[in-house]
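Assemble chain B onto chain A, guided by the hints.
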Amino acid sequence: MIELNELVDAAQKAFPADKLSSDRDASWQLMAEMGWLMIRVPEEDGGLGLGREASAAIHYEMGRVLTSAPLMPAQLGLQAIMASGTFADRADWIERICGGEYVPLHLLAALLTPTDDGTLNGTISGVFEADMASAVVASLPHGYALIPLDAEGVSIVERPIWDQSRRMFDVVLDGYRPDPALELADVKASPAMHDVLAPEAHIAIAADCLGGASAALDLTVEYMKMRKQFDRPIAMFQALKHRAADMKTRIAVAEALLWNRVHDDDADIIEFGAMKTLAAEAYAFVTEEMIQLHGGIGLTEEHQSHLFMKRAMLNLHLAGEPDLWKERIGREALAAMR
Amino acid sequence: MTENADLEALRAEVRRFLEAEKPHDWRDASRTQEDFVKTQRDWFAKLVEAGYAIPHWPAAFPGGGRSLAEQKVIYEELAKADCPRLLLSFVSTYHAFATLHECASDEQRAKYLPRILEGETWCQGFSEPGAGSDLAAIKTKAVRETRGGREVYVVNGQKVWSTMAQFADMCLLLVRTSSDGPKQAGITYLLMDMKSPGVSVSPIHQIQGDEEFAEIFLDNVEIPVEQRVGEEGKGWAVAQATLASERGLTLMELSYRMRGALGRVAKLIREYGREDDQGMLRDFGELVAEVDAVCATADRFLDNRIKGIERIGDASIVKNAYSRALRAYSKLGLRIGGVGEQYVAPITFGDLNTGNWMADFMNSYAWTIAGGSEEVQRNIIAERMLEMPREPKNWVL
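Just so you know, the sequences run in chain order A and B. Using the UniProt record's numbering, you'd call the opening residue of the first sequence number 1 and step up by one each time. Using the UniProt record's numbering, you'd call the opening residue of the second sequence number 1 and step up by one each time.
Next comes chain A alone, as it looks inside the complex (with noise of 0.2 Å):
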C-alpha cells in the first residue's frame, strides 16, 4: 500500500513548484510512468487500487503547477469505462490507458441532435487535449459511450481558451453512426453512471483548484515579502497582509470541506457541487487578489499571475455553473427543511 505522503513528496518531485504548465506530453509520459493513470483502477484489474483520497492529493499537486496534461479527463474516462457494466471489451481498454493511451471525458455540455437514420449531428463541449485523444467518453441522447476520434463523422475543432496552461477542442459530429459494441451505458443505466462520475469529477476540479490557489498565495506572500515601497515590504501594510489573511481564510475553509467530502461516503450529487462551487470560487477570488497585490507586474505576460487567475476562470465552469450549483443547493435544502 502506497502511503499518501510518499505520493504527493514523489509527485512534487517530478513536477517542481518552479515549473508551471511544464511541456504537456513529456508531463503525460511521466504521468503514465508514475502509475498516476491507473490509480483508481482495482487491483484486480492491475491498477494501484487507491481511493479519492489519492487521486485528489494529486489532482491538487498537479493544480499547484497549472499542469498541462490532461490527467483529470483521463481519470473521469477511465472511470467511466470501468462503471460500465455491459462494455465487453472494457479489460483491452483499462489496460490501454493504463498504458498512457487517452480518453477524456468531456468537461462541458454536449448538444446532439439524433437524425432518422440513426446518426448523430451536433457538438460535444470541453474536451482537452483532443489532439493527443485516441476516443473520448461521451454523454450521447442515447446514453454513455466511446467515440473514436478517427471515426467516420468525427472530427475535433480547436476552441482557443485564454488559459494557457490547457487547450481545449470540440468534438463535432457530422452523420456519425454510434458502434453499438462501444457503448458504455444505456438510457437506463446513465444515470447511475452520472452518479459514479459526477462526484469524481467535483473532487477532481475542486483539488485543481485548491491547489492552484495555494500556489498563488505563496507567490503572492512571497511577493510581498520581496517588494518593497515607502522604505518597508508591502506585506508590513495591514490593509494588504490583511487581504492575503483573508486568501488564506477562504482556501483553508474550501480545503476543509474538500477533504470532509473526499471522506463522507453517503454524500449526495448536491453537497458534491457545493464543494466544487466553493472551491472554485475560492480559487477566482484568490488568483483575482494575486493580480491586484501584484500591482503593474501582475498585468504583464511575464509574470506567472494571469496564468492562475485564466485557469481560475475557466474552472468555474466546468462540470456546472456556480448559479446553477448555488440555485439547486438551495431548492435542496428548502426542501429538506420541510
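Hints may be right or wrong, so weigh each one.
Pulled a few chain A residues facing chain B out of the computed Cβ check, cut under 7 Å [said to hold, decoys possible]:
id: 1; residue: P233
id: 2; residue: H242
id: 3; residue: K310
id: 4; residue: L324
id: 5; residue: E327
id: 6; residue: G330
id: 7; residue: A333
Not the full set, but computed from the structure, chain B residues with beta-carbon under 8 Å of chain A [stated by the list, open to error]:
id: 8; residue: G263
id: 9; residue: A266
id: 10; residue: Q278
id: 11; residue: I306
id: 12; residue: A382
id: 13; residue: R384
id: 14; residue: E391
Keep in mind that the hints were calculated from the coordinates and are not lab data. Even for Gly, the Cβ is constructed at its ideal location relative to N, Cα and C.
Leaving out everything else, chain B in the frame of chain A:
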C-alpha cells in the same frame, strides 16, 4: 477500531440522556435575564450530575478525564439536540479552571474548583477601555500594602467587556503592579471576590438590547496577596493559559448550531413565498454551502488538535470563517423579512440563531469583535502563519 466503538458508545449514552432530560422550552424560558440565569443554572447542575459539564477536567472530578475526541462527541450531541449553551458557566469551567489547574497553588485549587462545580459563577477582568486588542496595555493599578495586619493589593481601575460580570461571584483579574520595562512584565494575576468592598458592576446595554457584558469599577479594592496566581509581575504568562483554555469546541458547537438553524431561513423563504425565486434560492444555496464548509473547517481543526498537528493560526481561521458566516446568515434573514424585521421583537437571551433577525444580526458583531477581533485574527494569520513582517513598533504620538 475499539476507540471508535468507545466513542460511538459514548454518543449513544449522551443521546439517551438528552432525549430524557434536555430542556425543550429554554428559549421561551429565557425572555428575561433573570429567567435566563435560572435556566442556565438548572441546566448546568443537571449536566454536572450527569457527568457532561466538565469533560475536559481531570479524571479526579466526576465527569472529567475525557479525551478531546470524547469532548467533541459530547459537544456535537449537545449542539444537535439544540440544548442551551453553557454560557453562564463558561468562564468558570474553562478560563477559571485552566488558570487554577495550570498555574494556581494547591490551596487555591482545593478552595475553588469544587465551588465551580456547585455553580459558582466567574467572570474575566481583562479588557479595559484603553486595552482591547492591545491587552498588555492595561492600566488598572495594584499597590501592595499592609492593611489591618494583612498583606493586600489595593486595586484601582476599570475593567470592561466582562462577560456576565453582573452575575459573577469571582473574577479573574489582571492588574498592573509595575510600570517599568516592557508592558507585559508589570502585570499580575489576581482572583477577586466580587463582593469585596469597592467593586461595582454596571451592565453594558448592547445595541440589540442584551446585557451580555458589564463594566467593573474598582475603587480601593483590597485583595489578599494569597489570592495572587503565580508570581508578582508574571501575570501575563498566566493570562495566556487562561486564554488558551478553550480548545476549539465552542466554535465547532456554534457552527453545528448554525447549520441546525438554517431551517429558520427556509421557513422564512416559505413564509414570504420566495420558494421559486431563483435569486433567493441561489443566495440560500450559497449560505448552506458556506455554513457546511464552516462546520467542516471547525471539525478539521479539532481533529488536527486531537492528532496533535494543529498549526498556529488555525484557530483564527475558524473564528473568522464562523463569524462571517454568522453575519451572512443573519443578513439573509434580515433581507427576506424586509421591513417586518424592523419592528421590535422581544429577544431571547443566550442564543445566536433566534430567528429574530435584527437581534441576530447585531449579535453577530460580538463574534467579529470579541475574543480577538477579526482584524487581530487576520494579523495572526498573516504574521504567524504566512510569516509576513509585523509593523514597526515604537511609533510615538
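Cut-off 8 Å, beta-carbon criterion: hint that E391(B) touches chain A: Cβ of E391(B) sits 6 Å from chain A, so the hint holds.
Is the interface hint satisfied for H242(A)? The criterion is a beta-carbon contact with chain B at less than 7 Å. It holds, given that the least Cβ distance between H242(A) and chain B is near 4 Å, below 7 Å.
For the hint on A382(B), just tell me whether its beta-carbon gets within less than 8 Å of chain A. This interface hint holds because 4 Å falls under the 8 Å limit.
Would the hint on Q278(B) stand, with a C-beta cut-off of 8 Å toward chain A? 6 Å, holds
Residue hint L324(A), partner chain B, criterion CB-CB below 7 Å: 9 Å, violated
Identify whether the interface hint at P233(A) stands, where standing means a beta carbon of chain B within less than 7 Å of its own. 6 Å, holds
Would the hint on K310(A) stand, with a C-beta cut-off of 7 Å toward chain B? The hint is violated - K310(A) has no Cβ within 7 Å of chain B, the shortest such distance being about 24 Å.
Return the status of the interface hint for E327(A): holds when the least beta-carbon distance to chain B is below 7 Å, violated otherwise. 5 Å, holds
Can A266(B) be said to touch chain A, with a Cβ gap under 8 Å? A266(B) check passes; min Cβ-Cβ to chain A is 4 Å, inside 8 Å.
Interface hint compliance - G263(B) to chain A, C-beta minimum distance less than 8 Å: 4 Å, holds
Let me know if the C-beta of I306(B) comes in closer than 8 Å to any C-beta of chain A, holds or violated. Since chain A brings no Cβ nearer than about 15 Å to I306(B), farther than 8 Å, the hint is violated.
Should the hint that A333(A) touches chain B count as held when the rule is a Cβ pair under 7 Å? With a minimum Cβ separation of about 5 Å from chain B (threshold 7 Å), the hint on A333(A) holds.
In this structure, the hints that do not hold are numbers 3, 4, 11 and 13, in rising order.
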